[in-house]
Every structure is written in C-alpha cells, then in structure tokens.
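Mapping of the sequence shown onto UniProt numbering: residues 1 to 114, in sequence order.
Treat the hints as calculated values from the structure; they're not laboratory data.
One thing to keep in mind: the hints can contain errors.
What the hints assert, rightly or not - Here are the simulated DMTMM-like pairs of lysine to aspartate or glutamate, each with C-alpha atoms no more than 20 angstroms apart in a straight line:
1) K36 x E5
2) K98 x E5
3) K32 x D12
4) K32 x D101
5) K69 x E5
6) K69 x E55
7) K36 x D82
8) K36 x E24
9) K59 x E13
10) K70 x D82
11) K69 x D12
12) K36 x E51
13) K32 x E5
14) K98 x D78
15) K70 x E95
16) K32 x E13
17) K15 x D66
18) K70 x E54
19) K70 x E51
20) K32 x E51
21) K36 x D12
22) K36 x E55
23) K15 x D78
24) K36 x D66
25) K36 x E13
26) K69 x E51
27) K15 x E5
28) K32 x D82
29) K18 x D66
30) K59 x E24
31) K15 x E55
32) K69 x E54
33) K32 x E54
34) K70 x D12
35) K69 x D101
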Amino acid sequence: MLQVEQYVAFLDEAKAYKLRPGVEYLQYAARKINQKYFIPPARLQVDMSREMPEEVGGKLLHPSVDLFKKIFNRIRNDMLRDSFSRFVRSNQYQELVKAVDRMLGSPATTFGKL
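Let the hints inform the model, and build the full structure from the sequences given.
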C-alpha cells in the first residue's frame, strides 16, 4: 500500500509544482521533488524508466512547469489501470461501501463491483 501512497503524494506535489509563481520557486520545488521521489535512495521513490531521473536532473537549473508532466501522466495512467481496480476489489473498499450504505440507509454505490 505504501507504493500507492507515494504515487498519490508525488501526483499531488507535481500538481502543486505547476502552480509555483516564479522561476526561483520552480527551481526549489523541482529540486525538492527530485530528491524526494527520484534520486536513490529516495524514501518515497517512484518507479520510472532509467532515463527519467537523468532527464529531470538535467533540467533542474531551468525547469519548466511541464518538467514532471511525462512521469505524472504515466503514473496517473498506471494507477487508473491497475491500482484503482485493485482497490475496488479489496476488502477495505468493500467495508467502505458497506459503511456508506449503512449511513445512507440504501445502496449508494453503483460501481461497487468492478
């Protein structure tokens, strides 16, 4: 489950990164994200191609708002394809559906079974 959490954390930070107001803020945030998620032994390292850390690292001095777009899209798409459907089939999700149904007094979720 940690891997899903670190992916979600990366996606959140990458979204926030795009909203930074200036070059200095982008540089600082890009270095922070790079150290946190890409450089081994990053505690929250995300899986990616071998070329991606080099590609990101080479652009840290002059980062664009789209610096993490490629890895963001790949991780997001992978999670939508794999992690979400696995989560919906998990016991935790089934318990959540039951709890919501109990709170509302009727079956509220139409996608409980994927």
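**Request:** Give me the numbers of the hints this structure contradicts, sorted from smallest to largest.
**Result:** Numbers 2, 4, 7, 14, 15, 28, 35 - these are the hints that the structure violates, sorted from lowest upward.
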